[in-house]
Amino acid sequence: MAPLHKVIFLVLFAFLLVLPFMVYPVFAMKLMCFALFAAAFNLLLGFGGLLSFGHAAYFGGASYVAAHAAKVWGLTPELSVLVGTAAAAFLGLIIGSLAIKRQGIYFAMVTLAFAQMVYFIALQAEFTGGEDGIQSVPRGDLFGLISLHDNTALYFFVLAITFGGVLALYRITHSPFGQVIKAIRDNETRAVSLGYDVNRYKLMVFVLSATFAGLAGATKSQVFQLASLTDVHWSMSGEVVLMTLLGGMGTVFGPLAGAAVIVTMQNYLASFGAWVTIIQGVIFVLGVMLFREGIVGVLSRWLKRPL
Amino acid sequence: MFELLGIPPQVLMGQLLLGLINGSFYAVLSLGLAVIFGLLNIINFSHGALYMMGAFASWMLLNYIGIGYWPALILAPLIVGAFGVVLERLLLNKLYHLDHLYGLLLTFGLALILQGVFRNYYGISGMPYQIPESLSGGQNLGFMFLPNYRAWVIVASVVVCFGTWFVIEKTRLGAYLRAGTENPVLVGAFGINVPLMITLTYGFGVALAGFAGVLAAPIYSVNPNMGADLIIVVFAVVVIGGMGSILGAIITGFGLGIVEGLTRVFYPEGSAVVIFVIMAIVLLIKPEGLFGRAA
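Residue numbers (numbering that gives the first Met the number 0), protein chains in the order written: chain L, 0 to 306; chain X, 0 to 294.
In isolation and in its complexed conformation, chain L is listed as follows (with noise of 0.2 Å):
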């Protein structure tokens, strides 16, 4: 790991230990699950320059799993959580290798379609609850001992899985893997003829980006113990685009700060109603006529080092 890097990322842990006891927790948490989706789709559009337009089916789809799976099968958290992603990354796999039969803006669609399709169903089984979603999951003993119906304790359980996600992703980027992604990215033709299969890496980056925004949508229903419509609706994937552009795509942090910006901004504007959706469009318009690098692209420029 760069020395930047690393020097980065213990501020921000440390940032991170002391953040409950400044803001509410919850929120606080709400943070660092939006902050690890994003953080998971920058692998995909920013690494792997694949525009996903339905991301909300992964991290949708594994709310509904974990929180099923803690409330039905009554599975300790950890184990709920672990349920939650090993469906998103199944459904990645499956809609992944279709996907990636396409390019470009086709891409896109049929990602968003088949996230579409994923929302019909959260919207008409038997186990979603329909309109409702599942409310009150219960929180549970993490591996059998420690309960985590403490805000505080449950925090720590939040700040482990998405820190280390979010680490995790840093070491798949910045692996041989990881090089030969963004060799696709940038020219996939000159990959091909390198030897790679090229549709193989697409979908192995596709299905991880996947399971790491399932862990992000599993963890986020033990927090909220509920999982709800909102979070397969294709505003979400769109709410994930908007995150990843305003910090700035192929960033290691731009995700992070874009997810911190918007969760914020939502956050404090609710009240304000329709006016967050078009706030939201006005920064999607900007952000695409003219700031293209995101927030910390624009840092990264400055100080001519990689973020």
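Hints are not guaranteed to be accurate.
[To be verified] List time: in silico DSSO-like cross-link candidates among lysine-lysine, alpha-carbon distance up to 30 Å:
1) L:K181 <-> L:K303
2) X:K285 <-> L:K100
3) L:K70 <-> L:K29
4) L:K181 <-> L:K5
5) L:K181 <-> X:K169
6) X:K93 <-> L:K303
7) L:K29 <-> L:K5
8) L:K70 <-> L:K303
9) L:K181 <-> X:K285
10) L:K181 <-> L:K100
11) X:K169 <-> X:K285
Keep in mind the hints are simulated off the structure, nothing from the lab.
Take the given structure of chain L and dock chain X to it, following the hints.
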């Protein structure tokens, strides 16, 4: 009366009609997307929001200045089209040199803004729009009752779709358009104003969405979210049809509307997802779409 697989013919025909009407909207909208995509290489995510704007434009024309359905059928698409021209001039034309994903993201942002603005002023509950008097009532066909307005929607959509197809595939103007998509530089060298052509094409494609909105206003309640979920189905239609052909967009649009209607008869739970299931199957067998050219 005869029965087909235990389904009374009234039910079957009723759902077929409903499917054909939905199909009309799919066809007009995916046609607009195909026209825009052909020349601008942009997937217009705001298409659903512009369709919603068309419906609102006709509602406003009636309720604010008393202009009725028939003039609105011309005026509302013009308003939406003019709005599209402004969008293209101000924003979209700055993106053509970039990865086309940015066009998708920009139009997505525009859709959020448009929906948010209308939601702020009109809330999310729908507003009714009367069927014009000249088209109220219906015909008794013996086996079913056919409302005049619905028949009109189907006829109008078919006429507009094939009119557009004719202009693009069979006229000189269409030849310029098609040449412009193949090689804009060369066409420009022949003295044709390609940027103007692109702007007007976007305006036209968007006006088609506005036209669909006016047609939809008396059937569905006019509300800010009416385009949001429809557009995703239309995207699926586009993936199934393949973007290469104008005719593909039209035929797939009507066809999938009918398939959806039939599914509602035989397996109601599946009607919301049947189009996406078909999309998955088409992707497995023919990834470029039914009418698409191989990439």
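For this session: If any of the earlier hints don't hold here, list their numbers in rising order.
Result: 5, 8
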